[in-house]
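Given the structure of chain S, go ahead and fit chain X onto it with the hints provided.
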Amino acid sequence: MDKALTLLSFGPEGWGDEIAWGVVVTVCLAIVTLPFGLFLGFLIALAKKSSEPSLRLAANIYTTLFRGLPELLTLFLVYFGLQIAVQVLLKMAGFDFYFEVNSFIAGVIALSFVFSSYTSEAFLSAFRGIPQGQYEGGYALGLSKGKTLRLVVLPQLIRLALPALGNSWLVLLKDTSLVSVIGLSDVMRQSGIAARVTKEPFMFFGIACLIYLVLAMISSTGLVRIERWSKRGEATR
Amino acid sequence: MISANPATGLKRPPAPPRRWTKTRIFGHVLMALWIVSGAWLLYYLAINIASPFVLKYWPEYLSGFFVTLQIVGLSLLIGAILSLPIAAARASKWWLLSKPAYCYVYFFRGTPLLAQTFLVYYGAGTFQPQLEAIGLWGLFREAWFCVIFAFSLNTSAYQAEILRGAIQNVSRGQWEGAAALGINKKITFFKIILPQALIVALRPYGNEIILMLKGSAIAAIVTVFDLFGETRRAYSRSYDFQAYIWAAVIYLFLVEMLRRLWDRIEIRLTRHLIR
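Quick mapping for you: the protein sequence lines, in order, are chains S and X.
Quick note: the first sequence uses the working numbering, first residue 1, plus one each step.
Quick note: the second sequence uses the working numbering, first residue 1001, plus one each step.
In isolation and in its complexed conformation, chain S is listed as follows:
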């Protein structure tokens, strides 16, 4: 027990500080991905519910693509593909030096693709829950299309989409662990290093699992609060 505590302490003997940094990296990765994924997902949902068939088809191809590829493969495609693309561009521009893509940025890009294809579904089903009369009311008041969307539809949309978005967020949190494979020092990688050095793999991977569980629990309570906040208008009725 003493040995376990020493190994987990924050001092030079322990791995507590390294793993804590890993938690920060994991959380940062998920939080940075969130706005990109949400915005992209919203745009794709808009395209999917558009009356224009070509736009719908284009959006559907996007989701089919990123929901069909394994997340790990998407990550590798982005990581190595980006590297090769930048290398080729640099060579064309006349520079000749080795370029390495930051694994954090590659992770954000790949996870944004995956996350947005899931959130677009959440937004789309929320759009279906908003009656046509809301749009018509907005237009009748002389609001433009954009303003109707922003001021009338979006506030209701968020309330409807929140449960599904919350699920996607939990999936995103778990998917961040994959970025450790391309070398990002997140929880998974740091505990892997600790496991290898200390020869205590079960303890350290168990701790990594527990950290993910705790992150999921914190997210769930946060999501319940946000949901309650989004429904504050209904409670008074």
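It should be emphasised that the hints constitute simulated quantities derived from the structure, not laboratory data.
The reader is advised that the hints may include incorrect statements.
With a cut-off of at most 30 angstroms between alpha-carbon atoms, the simulated DSBU-like pairs for lysine-lysine come out as follows [as the list claims (entries may be wrong)]:
no., chain 1, residue 1, chain 2, residue 2
1, S, K48, X, K1186
2, S, K49, X, K1022
3, X, K1093, X, K1186
4, X, K1099, X, K1185
5, S, K48, S, K145
6, S, K145, X, K1022
7, S, K147, X, K1022
8, X, K1099, S, K174
What follows is chain X alone, placed relative to chain S:
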């Protein structure tokens, strides 16, 4: 479709021509981009179909493909069997059963599959003496077995939730109706409740299969040479990016086929519900 008004005999006016709105132009531009990249991909695949890379590595890809199918199939099957007692325990009124089942499901759904796989594969070494004592060490030394073990536990938690949700979704009136007819509980469950529940569970089960297929790429990280493992090996030997492009095409094809097949099955099995 009524082409003419029967009362007046007047023809319906033709639909107004569709104008080139901004949305329409934008949609066409996006579609053009997809078509160009799709055509480029097809061209790329076509010129590389007999390239040295493909000729050298296609047997590896094929064996990786079968390993992936094997891992996914076995895990799903074992998971399905395991999910039955877990779902039953989870729905039990006795907290001594339902609480542990809840924790089990929460653990496996709340942590990444990668972490679970590492926990089993690397963590088994911690229990080497105990595992040797019961003669299971030989199994846990194999990455392939560890992957199946971890994936089965993971999918059993998801499948248990699907099953429980579906069974509880069947309305109580069905139980009561059967009881009123004097049918005993066991027969009610297997002949009345379960068939209805499985239809509800069909779609989530399909999603779980696809999730498992995509998640199985994780096996490659712990040195199992499944489709993704072979891809990584081929790339590290050749530094040829087409390794990943072929893998993407195969995975996409597989997932899309599965999805379509599942849609067919669903239509077939629910045809009595369509009115």
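Evaluated hints:
no. : hint              : in the structure
1   : K48/S - K1186/X   : violated (46 angstroms)
2   : K49/S - K1022/X   : holds (16 angstroms)
3   : K1093/X - K1186/X : holds (17 angstroms)
4   : K1099/X - K1185/X : holds (24 angstroms)
5   : K48/S - K145/S    : holds (17 angstroms)
6   : K145/S - K1022/X  : holds (13 angstroms)
7   : K147/S - K1022/X  : holds (17 angstroms)
8   : K1099/X - K174/S  : holds (24 angstroms)
In summary, the structure is inconsistent with hint 1 from the numbered list given earlier, while agreeing with all the others.
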